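Engineer: Residue numbers (the numbering used here), protein chains in the order written: chain A, 1 to 351; chain B, 1001 to 1362.
To be clear, the hints were calculated from the coordinates, so they are not data collected in a lab. Any given hint could turn out to be false.
[Stated by the list, open to error] Listed below are the simulated DSSO-like cross-link pairs for lysine-lysine, each with C-alpha atoms no more than 30 Å apart in a straight line:
1) B:LYS1100 to A:LYS332
2) A:LYS126 to A:LYS145
3) A:LYS332 to B:LYS1191
[As the list claims (entries may be wrong)] Estimated spans, in silico, between C-beta atoms of each pair:
4) A:ALA255 to B:ALA1190: 28 to 38 Å
5) A:GLY65 to B:LYS1100: 35 to 45 Å
6) A:ARG90 to B:THR1096: 23 to 33 Å
7) B:GLU1163 to A:ILE253: 57 to 67 Å
8) B:ALA1103 to A:ARG13: 57 to 67 Å
9) B:GLU1259 to A:LYS332: 17 to 27 Å
10) A:ALA219 to B:THR1091: 50 to 60 Å
In this text, all values refer to a predicted model and were calculated from it rather than measured experimentally. Glycine is no exception: its CB is placed at the ideal position from the N, C-alpha and C atoms.
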Amino acid sequence: MRALSEKILAGGRVTPAEAATLYFEAPLHELGRLAHAVRLRKHPEPVVTFVSDRNINYSNICVCGCRFCAYFRAPGQEGGFLIDREDLGRKIEETLALGGTQILLQGGHHPDLPLSWYEDMLRFIKNYPIHAHAFSPPEIAHFAKLNGLSTAGVIARLKAAGLDSIPGGGAEILVDAVRSRVSPRKCGADEWLRIMEEAHDLGLRTTATMMFGHEEEPAQRLEHLFALRASQDRTGGYTAFIPWTFQPANTAIEARQLTSVEYLRLLAVARIVLDNFDNLQVSWVTMGPKIAQLALFFGGNDFGSTMIEENVVRAAGVSFRLSREEIRRLIKGAGFTPRQRRMDYSLLEEA
Amino acid sequence: MDLRRYERLGLDDVAARVLNGERLNAEDGLRLFDCPDVTAVGELAHHRRTELHGDKVFFVRNRHINYTNVCVNRCTFCAYHRDPGQEGGFTLDARTVLAKLAADAAPPREIHIVGGCHPDLRLEYFEDLLGRLRRTFPEAVLKCFTAVEIAHFATLEGISTREVLTRLQAAGLSMLPGGGAEVFAEDVRAKICPRKIDGTEWLRIHGEAHELGLATNCTLLFGHLESRADRVDHLLRLRAQQDATGGFTCFIPLPFLTENSRLKVDNPLDGLEELRTIAVSRLLLDNVPHVKAYWVMLGVKQAQAALFFGADDFDGTVVEEKIGHMAGADSAQALWRRDIEEMIRGCGLTPVERDTLFREVA
Chain A
1 MRALSEKILA GGRVTPAEAA TLYFEAPLHE LGRLAHAVRL RKHPEPVVTF
51 VSDRNINYSN ICVCGCRFCA YFRAPGQEGG FLIDREDLGR KIEETLALGG
101 TQILLQGGHH PDLPLSWYED MLRFIKNYPI HAHAFSPPEI AHFAKLNGLS
151 TAGVIARLKA AGLDSIPGGG AEILVDAVRS RVSPRKCGAD EWLRIMEEAH
201 DLGLRTTATM MFGHEEEPAQ RLEHLFALRA SQDRTGGYTA FIPWTFQPAN
251 TAIEARQLTS VEYLRLLAVA RIVLDNFDNL QVSWVTMGPK IAQLALFFGG
301 NDFGSTMIEE NVVRAAGVSF RLSREEIRRL IKGAGFTPRQ RRMDYSLLEE
351 A
Chain B
1001 MDLRRYERLG LDDVAARVLN GERLNAEDGL RLFDCPDVTA VGELAHHRRT
1051 ELHGDKVFFV RNRHINYTNV CVNRCTFCAY HRDPGQEGGF TLDARTVLAK
1101 LAADAAPPRE IHIVGGCHPD LRLEYFEDLL GRLRRTFPEA VLKCFTAVEI
1151 AHFATLEGIS TREVLTRLQA AGLSMLPGGG AEVFAEDVRA KICPRKIDGT
1201 EWLRIHGEAH ELGLATNCTL LFGHLESRAD RVDHLLRLRA QQDATGGFTC
1251 FIPLPFLTEN SRLKVDNPLD GLEELRTIAV SRLLLDNVPH VKAYWVMLGV
1301 KQAQAALFFG ADDFDGTVVE EKIGHMAGAD SAQALWRRDI EEMIRGCGLT
1351 PVERDTLFRE VA
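The following block holds chain A by itself, in its conformation from the complex (with noise of 0.2 Å):
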């Protein structure tokens, strides 16, 4: 444990035998510790950003009956939503007003929209100055299949339509194997990385995310972490990892809600096993307000989003709430200056 410490607090680059030592038995504190140094050195200054969004949901309707997913409609269940313009125009507007800067748009596998819905939805929203961070890439792949098209194909006419960056989810855990139970009808892990690869060739940035705690091995989400390592070091697109804990509440799968320190744990081990990627966001919407603020020192160094709307999570029985002050107050109560970035982690001028 020692060598192995001193390895990582030299910039070393550690194997998987190394990751399964520190994420199975090394002790909280130090892994947090090691966690810490890493993300200093990549971040020396004393900042933690965030960014002003709003997750926009143009539809619940899905044919992926995911099993950990509270949110979905069936085509034809009652319930199900399809966004209208006049909506979307509002949302867009507020989010403007409350000093937004993008929109994270994602919705359900629809069974029949076309890919000319989602390119006129795009255009849209590009008459207003905002960045357009979305879908996921099993909704690509969904794309792809429904209009007889490549992913690649996909990506590239929905960027010419206006997509300016894609978020990571739908990574669940990328193990087809977990895959295989938890969400068969959604892309297979390789496919995931793959159209986010494309993503990147076509110049656009993108996030990787991981729910985990539902029916996976924790192996499992070591091998998470190497599959995005491996994907970063051929592309270099992704901007910033962002784990979560799967939520139960609501949903097809019957597991315990994970505890904070199973949620510092990973979030540890994953900053030191994904030195290629710059930044690492807290999940508040999940674990709380407070230990968010915790997270700060444990590899987090982004505080994620305002969220002025989320949905998703709410479905599956959670509900924190921070307002743009409070978030501030938390991270300069975390010792960190708090800064608003954009997607690309850039900073917006201080007001």
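Add chain B to chain A, keeping to what the hints say.
Structural biologist: Chain B in isolation, oriented as in the chain A frame:
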């Protein structure tokens, strides 16, 4: 533990004292509070907690009963009380209390009873209640009435607090909970709870209880108008009392919840200040065996983290807590034994069911 970290933080002397088991002083406590890296303080507290209890986390199958919210004290921080005659006041008779307990799936191992300082409830009411509880739930330990209530009973009856304690002990009382301590600093107390007994009286009643063979707990309510120095002062007064009478079992740090309180707080607590306070408490209170991560007030996720910042006790199943929830706590009303055991294991620690006096139960 990497001691170089404490050198860089200018705390190597304090860290050395902790590692050598030496007593810390008020200045050490303040320096720990001022340390910018909360995890460094947490690691020291975790070291001390691990020396004392290994990787055990204690919990108890308990039941809270709040017998009344009618209270003559009108503390400004309290969202729970109602004035006598005010709408929304309630008082439970003994039959209702017993019916609530009988409705639970399993009989509790601890019954925790506290309430407001009611102007008319006489000592006979409480003696009768304790007697019935003892007969109906012989397995349960009765942990009831804060020092504030004991003093109130004594005033109402015109007898000494020692006599009140003796009579309640004869009726079945085993332990006093630690509430009502708030923060001992006189100027703060004058603002937040002017009619409540002062710190000296609170400590005197606990000392008296200890001498009578009653165990007690102790608390600190923090995050309102007090300074960090007031917290350190409070902890050291508890430590001095423990040196003298030795009956404190568990210390419970209680973060002040601002949501529903009339008291306006300029700089409310954040999560790190809660953890810092818990950690400093563990380090300063070297003679109190246990520190509680009270999930009702901290929230479950923060309570889990607190197990690595000096706390070793997860309290219990609780069931129907009113005071913290009326102050704005958004935690659940109850956690089941299985939930508690699983989450403690999830934290990498070992759950140990205990009774009120921290005796392990099979």
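Engineer: Hints the structure violates: just list their numbers, smallest first.
Structural biologist: Result: hints 1, 4 and 6 break, sorted rising.
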